[in-house]
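Chemist: Let the hints inform the model, and build the full structure from the sequences given.
In terms of my numbering, the sequence shown opens at residue 711 and continues consecutively.
It cannot be assumed that every hint is accurate.
The calculated lysine to aspartate or glutamate pairs, modelled on EDC-like cross-linking and capped at a C-alpha distance of 16 Å, are [stated by the list, open to error]:
id : residue 1 : residue 2
1  : K835      : E882
2  : K835      : E746
3  : K835      : D948
4  : K835      : E956
5  : K835      : D945
Derived from the structure by calculation, the hints contain no laboratory data.
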Amino acid sequence: MKATPAALRSADQLAAVVGAGTLPTGVQDLGRRVLERVSSPVRIAVLGAPDAGLAGVVNAVLEGDIVPDRSGMPPLDLSFGLDPAIRVVTAEGQESAVDLATFARLVPWDLAMVSLAAPVPLLEKASFLLVPLEGRMPDIEAAIAWAARRADMAVLCTTEPGAAGAGVEGQEILERLPEALVDHTFLAVTGTVAMRTGGGDSLAVELDPEAQVRGLHWIGDGAGQAQRLAQFRADLFDHVSTARREDLESALVFLDRYRAVPEVGPATTPEPQDAGLETKAPATDVAPGVDAARPDPVTDAQSRAPAEIVCFLSARAEALSRLCDVPGGDALEAAAPDVLAHCMESIETCAGMATEDCGAAGLVLAEASDLMLLMQLEATADAVCDAVALVLQVRNDCESLLCA
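Modeler: What follows is the structure, encoded as structure tokens:
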């Protein structure tokens, strides 16, 4: 999906608004996140046991031998780059760039993270974060959470959901994914033709009926594999296009709310960065269980933020109640703009309070700010209910942080 002139113009305007530095602190941070999402490829986390064929699935999607399929591979970040490049982080935290020959001689178990760039056009639409899941369940849960925070979509690879001895199973991963990501998740079954039932291509797979994944695809070997892979690729990138449209809609809502947009000339368009490697997270940003990461010290801001947010939302509760207390079947939808504006202002103010908080309160408000943008775009009675519930959830989460 190529960027349209409208999308490019919106990105330019958003960059100008954020670059002006005139927005409130919490709103400025939200603007940076929206701009990053509009300017970056959709990021897909690929999760599964080491024997579930993560590299094979991504190579099949990209129609090339791009990702090395070696035993013991650590998490791997794959993005677009005009010149193939490999950057590795060792288990000791040392980062370096290596060529293909050197990389082939490295022992995968000695690595904590690999960043790979390749000149594949599809990578301009979507980048991939491959995270093998192994070890004890706490380690697996930490790795899933780490990947989910960095992903817009997910592909769960499994040899057969529910199969004994298959390592971590698809259902186990789904149960640990954030609810908001499950609807943007595909399940890729990489088992053999023995999984086929009744001589057709149906799958003998039983999942929790409440786990509404975006799609379930069998891409194992056997007759018809090429057609199954083509369908999987088409469904995956159709959803990538949908995710990109949602990012653009978020940018348009942000710009509409903060209408004081400076005039933008051609020079304001950010220069593309070769390989995209320098824009990635620092070398220490590797999966739990392999980076020996130390927790950040608890600052005064971290301890104050939840208390300030709870007090602020308590003071705003009465005004929110009055806005929602409207008679008539259609009155709530008529009141939607006012209620959503009130909720958005509350979340923005709370985000400002949590700006210096590098802990849980900051994460709670970052996610809440993104969700509020989408609710404002809908402006329906259902969006009003969701917005009010979100404000209450933020308050409850901060109260829980105070009690922890």
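Chemist: Now tell me if each hint is right for this structure.
Modeler: Each hint, compared with the structure:
no.: 1; hint: K835 <-> E882; verdict: 29 Å, violated
no.: 2; hint: K835 <-> E746; verdict: 14 Å, holds
no.: 3; hint: K835 <-> D948; verdict: 11 Å, holds
no.: 4; hint: K835 <-> E956; verdict: 14 Å, holds
no.: 5; hint: K835 <-> D945; verdict: 14 Å, holds
Consistency note: the structure conflicts with earlier hint 1 alone.
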